[in-house]
Structure formats: structure tokens, C-alpha cells
Amino acid sequence: MKILVINCGSSSCKFQLFETSTGDVLAKGNCERIGIDGKLTYKAPGKEDYISTEAMPDHKVAVQLILNALVDKDHGVLSDIGEIKAVGHRVLHGGMYYSKSVIVNDDVKKVIRDCFPLGPLHNPANLTGIEACEAVLPEGTPQIAVFDTAFHMTMPPKAYTYALPYEITEKYSIRRYGFHGTSHRYVSHRVAEFLGKNYEDLKIVTCHLGNGSSFAAVDQGKCVDTTMGLTPLAGICMGTRCGDIDPAIVPFLMKNENLTPDEVDTLMNKKSGVQGLSGVSSDFRDLEKASKEGNERATLALDMFEYQARKIIGSYAAAMQGVDVIVFTAGIGENTDYIRAKACEGLEFMGVKIDPAKNNGNRSESIISSDDSRVTVCIIPTNEELAIAQETEELVK
2 MKILVINCGS
12 SSCKFQLFET
22 STGDVLAKGN
32 CERIGIDGKL
42 TYKAPGKEDY
52 ISTEAMPDHK
62 VAVQLILNAL
72 VDKDHGVLSD
82 IGEIKAVGHR
92 VLHGGMYYSK
102 SVIVNDDVKK
112 VIRDCFPLGP
122 LHNPANLTGI
132 EACEAVLPEG
142 TPQIAVFDTA
152 FHMTMPPKAY
162 TYALPYEITE
172 KYSIRRYGFH
182 GTSHRYVSHR
192 VAEFLGKNYE
202 DLKIVTCHLG
212 NGSSFAAVDQ
222 GKCVDTTMGL
232 TPLAGICMGT
242 RCGDIDPAIV
252 PFLMKNENLT
262 PDEVDTLMNK
272 KSGVQGLSGV
282 SSDFRDLEKA
292 SKEGNERATL
302 ALDMFEYQAR
312 KIIGSYAAAM
322 QGVDVIVFTA
332 GIGENTDYIR
342 AKACEGLEFM
352 GVKIDPAKNN
362 GNRSESIISS
372 DDSRVTVCII
382 PTNEELAIAQ
392 ETEELVK
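Be aware that the sequence shown starts at 2, since it is given in the working numbering, and climbs by one per residue.
For the record, the hints were derived by calculation from the structure and aren't laboratory data. Here the structure is a predicted model, which means the values were calculated and not measured. Using N, Cα and C, we set each Cβ at its ideal position, and we do this for glycine too. Worth double-checking, as some hints may not be accurate.
[Stated by the list, open to error] FRET-style restraints, in silico, Cβ to Cβ:
| hint | residue 1 | residue 2 | range |
| --- | --- | --- | --- |
| 1 | Gln221 | Pro158 | 54 to 62 Å |
| 2 | Lys290 | Lys110 | 43 to 51 Å |
| 3 | Asp81 | Pro46 | 16 to 24 Å |
| 4 | Tyr200 | Asp115 | 47 to 55 Å |
| 5 | Tyr167 | Lys398 | 36 to 44 Å |
| 6 | Arg34 | Glu264 | 21 to 29 Å |
[As the list claims (entries may be wrong)] Taking lysine to aspartate or glutamate and the EDC-like style, the derived pairs with C-alpha atoms no more than 20 Å apart in a straight line are:
| hint | residue 1 | residue 2 |
| --- | --- | --- |
| 7 | Lys15 | Asp73 |
| 8 | Lys204 | Asp325 |
| 9 | Lys3 | Glu394 |
| 10 | Lys343 | Asp356 |
| 11 | Lys15 | Asp38 |
| 12 | Lys61 | Glu33 |
| 13 | Lys343 | Asp325 |
| 14 | Lys343 | Glu297 |
Produce the entire structure from the sequences given, and follow the hints as far as they go.
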């Protein structure tokens, strides 16, 4: 089945076309600068790369240009747009309403709209992408919403509740939601398959480490805790996000730096994290280089990231009363061996032992723990787009 996966931002629209029977990506690309001028980048195996700078005043036009490229006689991969049997949309926030992916109807669109305050940057763009596809695809083509928050909805109240006045948490739906759910779901399922184990028998800590990072505790097939909270700001320090801090720092900064709520939000989301700490970069490759050259702030940023990762893994082992598998994924988790090693360093008391020969330079799906490690440590490359395509296919069928 041919499934189109769409991930819309406020001025962008990333896409991949899958043949789900094989998992092959038939074409992929991105529309950028929507509403400004427009640039479409398109790639398909066996075809020449294609770039278009045709005007994109809105997402509807962008989606139409994507469809035009897919059926183009020179670089297209479809003979007719009707070959697309469904569209899977990445949607950031489903609030407390959805614990799984759903076929989009008016009620679903209302929920996505109601969650605008919880996902102000992403949800409006996600809804725009859905409506754009509805407008230009053949009538009746199923649109599927795959929520980033859905996987985490199995958390118990003791894990997702904040200790605020209960009436306020109820009024504003304030709770830990968690994000990167599609990735955590994919890699936790995939590692069980890779190891030949029953998913429901395992206690897994999934470590999605990238510019945005989050961890999840997956106990017998259910997420029981995760590090991100009401928003993707919580948890470990990240590229430009501060992660968990004393909440009193917020009013302190507002008073002493004369910051508005929006300004302090920008400071914590876009000017903090390892970039703010180091003064060098949000890219861990730059931090590693600077640290080796003697930059103490870059070293501090790396040390903090590794220390916090180790604390989280240990705390999730305590929460699940054990751990069978630790999984590293996403840009840093898949590609940065010293971060993986440092995150596990000191966890030998739990039975975690990394094999340097297996870990160093490794970027592939593999086991990187030693043969005598009581906990299996793996690299599992994430594939959120394939996961969205698979969930879309399941719902359509």
C-alpha cells in the first residue's frame, strides 16, 4: 500500500511516500519557506534530484506541488495520484483525548484545534497540513492523525500528575504528556523484535537523544514514565532547551531581568541548553571539538548531559523495579559513541556493561553491551516516518 507521510511546520511541509509492503521510501522531500516564496526539494531513488522555486503562498499550494512532483513524467514515481491510499500526519499534541492514532474527522480536527494552547507552534501547522491534503487529494482519501503524545497516555496518575492545586490542573489539562512518542514506540517494539523477545515481557528504557531529547520507561509494553512534560521543554538539558530547572527561576528572571512571559519562554527554549551553557553551539560535534581544545564550558555542558542521562536511566530502572534493555536512538543516540558510553558509565551496579569494541564507531542496529552484561544495551535507529506509515496502514485496513 502506498502511504504519504506528512509533517507540517508553520512554514514547511516534509513528506515521504512509502510502499508499506516493503518499507521502501519511493520519494521524499521538503517544502520550505511557505508563505514567503517557496522551495521544494524532491528526491526519488533512481531519479535525478529535483528542486522547484515555484511560489507557495500557503500549505494547500505546497501539497499540490508535492503531488504534482510525485506524478511528474520525468521524476515522478506514480502514474496517478489515486495510487496514494492514505495520508499519515504527524500531530504533536492530542491532549488527554487520544491514546492511539485515529482517522481524521471533524471531531478529531476539533481536538487538534482545542490543543493549540498546548502545542502553539506545531498543532496549528499540523491541522493546516491535514486540511491542505483534504483540499487537493481525491475525495475520501483517508487522513490519519498520529499523535506524538499518544504513546505516553498509558502513564499512571502518579507519573503524569503535577503537584499543583487540583482544580487548576483539571481546568487547564495540566499534566505530563511526553513527546517523541512515535519514536519511543517504534524503537521499543523494534528492539524486542531485534532481540527475539516478547515485547510484553521486557522492561525497556528508550533514550531518544538529539537536539531535543527525551527518555521513556516502557514496562511490559506500556509507557509508565517519560521525561518531557506539559511541553517538550522538560527533562534533560538539550540543544537549546534548559530542561528541568527550579520553577522559581522563572519569576526570578522575570523580575530581575525585566522579562515578559514570552521572553523568558524564548530564553528557556531557544537560548539555553548546551548552547547557552557552552556559548559554543547546540551541536554536540562542535562541543566535543571545543572540549578537546580545552573549552571548560563545553566540557561542563557535555558532563551535565551525560550525568543527567545516567540519572534518568537509573531512576527508570527503579521505577520499573528493574531493566532488561537500554536503547539509544536519534541523532546523538545513534551516532555518538562517547555519549552512549558515558551515559552508562557508573551503572555497573545495575549490571550494565558497555563493550568498547562494539560501541566505538558503531552507528548501526546492534548490541553494544558486553556478553556478560545483565542488561542488554542496543542502538536502534529510529524511523518515525515509517512508524507513521505503518500505523496509517493498520487503521486503513
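Consistency of beta-carbon spacing, lysine 110 to lysine 290, with hint 43 to 51 Å: At roughly 46 Å between Cβ atoms, lysine 110 and lysine 290 fall inside 43 to 51 Å, so the hint holds.
For the pair supplied as a hint, lysine 15 and aspartate 38, is the alpha-carbon distance within the 20 Å limit? 16 Å, holds
Is the distance from the Cβ of glutamine 221 to the Cβ of proline 158 consistent with 54 to 62 Å? For proline 158 against glutamine 221, whose Cβ atoms are near 18 Å apart, the range 54 to 62 Å is violated.
Hinted pair lysine 343 and aspartate 325, Cα distance within 20 Å: 19 Å, holds
Take a look at whether the Cβ-Cβ distance between tyrosine 167 and lysine 398 falls inside 36 to 44 Å. Hint holds: Cβ distance 42 Å, inside 36 to 44 Å.
When you check the alpha-carbon spacing of lysine 343 and aspartate 356, does it fall within 20 Å? With a Cα-Cα distance of about 12 Å, the restraint between lysine 343 and aspartate 356 holds, given a limit of 20 Å.
Please work out if lysine 343 and glutamate 297 have their alpha carbons no farther apart than 20 Å. 18 Å, holds
Quick one, are lysine 15 and aspartate 73 close enough, alpha carbons at most 20 Å? Given that 20 Å is the threshold and the Cα spacing comes to 18 Å, the pair holds.
Falls inside 21 to 29 Å, the C-beta gap from arginine 34 to glutamate 264? At 26 Å between Cβs, range holds.
If you check the beta carbons of aspartate 81 and proline 46, does the distance land in 16 to 24 Å? Given about 20 Å between the Cβ atoms, the range holds.
Satisfaction of hint between glutamate 394 and lysine 3, Cα-Cα up to 20 Å: 9 Å, holds
So if I understand the rule, the pair passes when the alpha-carbon distance is 20 Å or less; does lysine 61 with glutamate 33 pass? Holds, at about 13 Å.
Of the numbered hints given earlier, the model fails hints 1 and 4; all others are met.
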